[in-house]
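Which chain is which? The protein sequence lines are A and B, in order.
Numbering-wise (this note's numbering), the first sequence opens with residue 766 and increments by one.
Numbering-wise (this note's numbering), the second sequence opens with residue 766 and increments by one.
Treat the hints loosely; a few may be bogus.
One copy or any two copies: either way a pair holds, since identical chains are not told apart in the list.
[Stated by the list, open to error] Listed below are the simulated DSSO-like cross-link pairs for lysine-lysine, each with C-alpha atoms no more than 30 Å apart in a straight line:
(1) Lys891 - Lys814
(2) Lys1096 - Lys1014
(3) Lys785 - Lys814
(4) Lys814 - Lys783
(5) Lys1123 - Lys1096
(6) Lys1014 - Lys1103
(7) Lys956 - Lys797
(8) Lys783 - Lys797
(9) Lys1046 - Lys785
(10) Lys1046 - Lys1152
(11) Lys1123 - Lys956
(12) Lys814 - Lys786
Since the hints were derived computationally from the structure, they do not count as laboratory data.
Protein chains: 2
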Amino acid sequence: MALVVQKFGGTSVGSIEKIKKVASRVAREADKGNSVVVVVSAMAGETDKLITLAQAITHTPDNREADVLVATGEQVTSSLLAMALIDMGYKAKSYMGHQFRIITNQAFTSARILDIDTERVRQDIKAGNIIVVAGFQGVDEYGNITTLGRGGSDLSAVAVAAAIDADVCEIFTDVEGVYTTDPNICSDARKLKRISYEEMLEMASMGAKVLQTRSVEFAKKYDVTLHVRSTFSDNEGTIVTMEDDDMEKVVVSGVTYNKNEAKITVWGIPDNPGIAASIFKPITDADIVVDMIIQNTSEAGFTDLTFTVPKNELAKAVDIVNSLKESLNAKGVTFDDKIVKVTIVGVGMRTHAGVASKMFTALSNDGINIMMISTSEIKISCVVDAKYTELAVRVLHDAFGLSELNTKEESI
Amino acid sequence: MALVVQKFGGTSVGSIEKIKKVASRVAREADKGNSVVVVVSAMAGETDKLITLAQAITHTPDNREADVLVATGEQVTSSLLAMALIDMGYKAKSYMGHQFRIITNQAFTSARILDIDTERVRQDIKAGNIIVVAGFQGVDEYGNITTLGRGGSDLSAVAVAAAIDADVCEIFTDVEGVYTTDPNICSDARKLKRISYEEMLEMASMGAKVLQTRSVEFAKKYDVTLHVRSTFSDNEGTIVTMEDDDMEKVVVSGVTYNKNEAKITVWGIPDNPGIAASIFKPITDADIVVDMIIQNTSEAGFTDLTFTVPKNELAKAVDIVNSLKESLNAKGVTFDDKIVKVTIVGVGMRTHAGVASKMFTALSNDGINIMMISTSEIKISCVVDAKYTELAVRVLHDAFGLSELNTKEESI
Chain A
766 MALVVQKFGG
776 TSVGSIEKIK
786 KVASRVAREA
796 DKGNSVVVVV
806 SAMAGETDKL
816 ITLAQAITHT
826 PDNREADVLV
836 ATGEQVTSSL
846 LAMALIDMGY
856 KAKSYMGHQF
866 RIITNQAFTS
876 ARILDIDTER
886 VRQDIKAGNI
896 IVVAGFQGVD
906 EYGNITTLGR
916 GGSDLSAVAV
926 AAAIDADVCE
936 IFTDVEGVYT
946 TDPNICSDAR
956 KLKRISYEEM
966 LEMASMGAKV
976 LQTRSVEFAK
986 KYDVTLHVRS
996 TFSDNEGTIV
1006 TMEDDDMEKV
1016 VVSGVTYNKN
1026 EAKITVWGIP
1036 DNPGIAASIF
1046 KPITDADIVV
1056 DMIIQNTSEA
1066 GFTDLTFTVP
1076 KNELAKAVDI
1086 VNSLKESLNA
1096 KGVTFDDKIV
1106 KVTIVGVGMR
1116 THAGVASKMF
1126 TALSNDGINI
1136 MMISTSEIKI
1146 SCVVDAKYTE
1156 LAVRVLHDAF
1166 GLSELNTKEE
1176 SI
Chain B
766 MALVVQKFGG
776 TSVGSIEKIK
786 KVASRVAREA
796 DKGNSVVVVV
806 SAMAGETDKL
816 ITLAQAITHT
826 PDNREADVLV
836 ATGEQVTSSL
846 LAMALIDMGY
856 KAKSYMGHQF
866 RIITNQAFTS
876 ARILDIDTER
886 VRQDIKAGNI
896 IVVAGFQGVD
906 EYGNITTLGR
916 GGSDLSAVAV
926 AAAIDADVCE
936 IFTDVEGVYT
946 TDPNICSDAR
956 KLKRISYEEM
966 LEMASMGAKV
976 LQTRSVEFAK
986 KYDVTLHVRS
996 TFSDNEGTIV
1006 TMEDDDMEKV
1016 VVSGVTYNKN
1026 EAKITVWGIP
1036 DNPGIAASIF
1046 KPITDADIVV
1056 DMIIQNTSEA
1066 GFTDLTFTVP
1076 KNELAKAVDI
1086 VNSLKESLNA
1096 KGVTFDDKIV
1106 KVTIVGVGMR
1116 THAGVASKMF
1126 TALSNDGINI
1136 MMISTSEIKI
1146 SCVVDAKYTE
1156 LAVRVLHDAF
1166 GLSELNTKEE
1176 SI
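With the rest of the complex left out, here is chain A (with noise of 0.2 Å):
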């Protein structure tokens, strides 16, 4: 008999047809002589009326108010999967935040979950209760209710999992698991059937659709498996686990794409020490998150630096360069928010030697122009130009030959 955590999204229970879908779906687990408790997100839209609500009082309500309003959504949904189990003749019992009892930190609207209170909740499982916890909540140690942030229902399934042990902690969603691209851009992208942790990470930017990348970290933190599968059909989706041998062998995982950043490039400085803590300082402290940074000289004494920032903050990067642009004596700022940052990751990269090269010559084979490169243990970026965006996702996934190993992989 497993204890198997099962994780439902916003769209899995966006209605009263979908929940007793949910219901049916848990209850199958339950038949095969598993103890399951269920997290549930709010349903579809249920939180943004809710903030919609606070937004007509006030354009600034209060976090720890808002954090009561917004809990309602997953109270809601919890209440009525425990209700439609319990009229499937099932024992159910819907758990909140402040019963299960899931102990935050006092960071309204964006708190971190210190510690998690088993002792109750286990004896429900063992006197063969299905448990649904609402997602998303917590409280603080005072009995304040708190909320963990946006898609935070994910969080609590994979907090919840490594709190009471167990087995798997499935993450029902509307894709089949995780790809080795964008089915969409690559017709020949293949589902994994196993990933890293790390590589999951940092697949984000594709991965952001599926998990979240604080979840990932707390289940590679507490060591908890992750299937991430389809609400839709009983299919095996992706397990995400911890690094094995298997995985070193496949150099490759993944190819994914991030359109959502723009590059500035400040030209032409006095090549002085400090130049890059002078630029960065202010962009950090207007909470602008810089990715990519490059630095390289171009003339005798000049240098140039170039880095990314999210697109939606561009003009506010812009505005703050150029007001250093004369402390600094650089000659120009110029930018450009038509590129896309093209990633390939696999932990096989840390034995394997010749990946970059191999990734650049694909690219230039097909007249890609790299414009910055960034690399980490597992990962390659390149930055090229937005209008490469399919064609280089794809030229990558052949290169690397990802639509034939999964094949391979598939067959096992």
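Using the hints, position chain B against chain A.
Relative to the frame of chain A, chain B by itself:
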């Protein structure tokens, strides 16, 4: 500095605009230097909407889960009102049942309050916070969410007022207070300045629009002074409090009526011991509440028995009685749903003689035939033909000088 509990019902907080108005009303009280604890219902219509959701899952929703579901209604209102107050520059905090802690028994959907923990709330009041309590809800000793049954927010307000030793519990509603009778029927109905708990209880059929019977009983038990007043004006409403000498000088305080009952007569029953029991046992077993009962002997050896039941239970009750007809050897069963119960209420009846005969005379002078009579220490009820409802109310209002009396009272 006074400690004031203010309760606002569903229509008073039925929209964002109305919640903002309630915030202003609460703020005015705080501006006087008073400490304010607010108790709110769900926004009008919200509870019904939630029940409709549950009904879409199953027609027999689990009671524990139903409470988890409907409790979100008050959670939403209390957080929105707290937000509005904070936005206006006040310190405010919402309190759910599990935070206050309002401890109830485990009778989900109709729980009884057992205890209220006021330590934390007293600290927050001391620190200058306006407390906004989600009405209608509590928790059992295990932290399960419970609700107090329809209209439970009144009860929450009275219980909270008792627990924190408030100076007054103001019940805001859409009328100006408690009237000598229904102003829609009797244009010279007057607002009462003061009324005793006992009278308020007897006037429930009229007062039901204003105050739940349970909350008046609770207020009486714990000696909580109620102030029934209008959400839409700053006029003084009606104080509901302990009986005092002044009240006793007034013979009749009000005239009420109830059109929601129907009467059933079983006639020509051979007069043996145990007839009443054999009729009312099966009726009570079917959860039908019997109000008035009259038994009298018609001819030698035979008796007639007449009783009233809620109109919506009439068919069920008649079925039961018909099934008993044979075993009772009764000659017949008749019923009538075109009746009204007209009641005069007043603590002064205890010390004044001749009230009943004055009532009967007044009715008969206008040709109104009395079908049934029932009396208690402080009220007399007569059942008459429903077509006389308005006439009977006006006749009695006049006979006991209620408009005149109140004009005098108002001028004190």
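Each hint tested on the structure:
no., hint, verdict
1, Lys891 - Lys814, "neither (37 Å within a copy, 35 Å between copies)"
2, Lys1096 - Lys1014, "neither (48 Å within a copy, 96 Å between copies)"
3, Lys785 - Lys814, "both (22 Å within a copy, 18 Å between copies)"
4, Lys814 - Lys783, "both (19 Å within a copy, 18 Å between copies)"
5, Lys1123 - Lys1096, "neither (36 Å within a copy, 104 Å between copies)"
6, Lys1014 - Lys1103, "neither (36 Å within a copy, 87 Å between copies)"
7, Lys956 - Lys797, "within (26 Å within a copy, 67 Å between copies)"
8, Lys783 - Lys797, "within (22 Å within a copy, 52 Å between copies)"
9, Lys1046 - Lys785, "neither (52 Å within a copy, 41 Å between copies)"
10, Lys1046 - Lys1152, "neither (32 Å within a copy, 84 Å between copies)"
11, Lys1123 - Lys956, "within (23 Å within a copy, 90 Å between copies)"
12, Lys814 - Lys786, "both (24 Å within a copy, 22 Å between copies)"
Checked against the numbered hints given earlier, the structure breaks hints 1, 2, 5, 6, 9 and 10 and satisfies all the rest.
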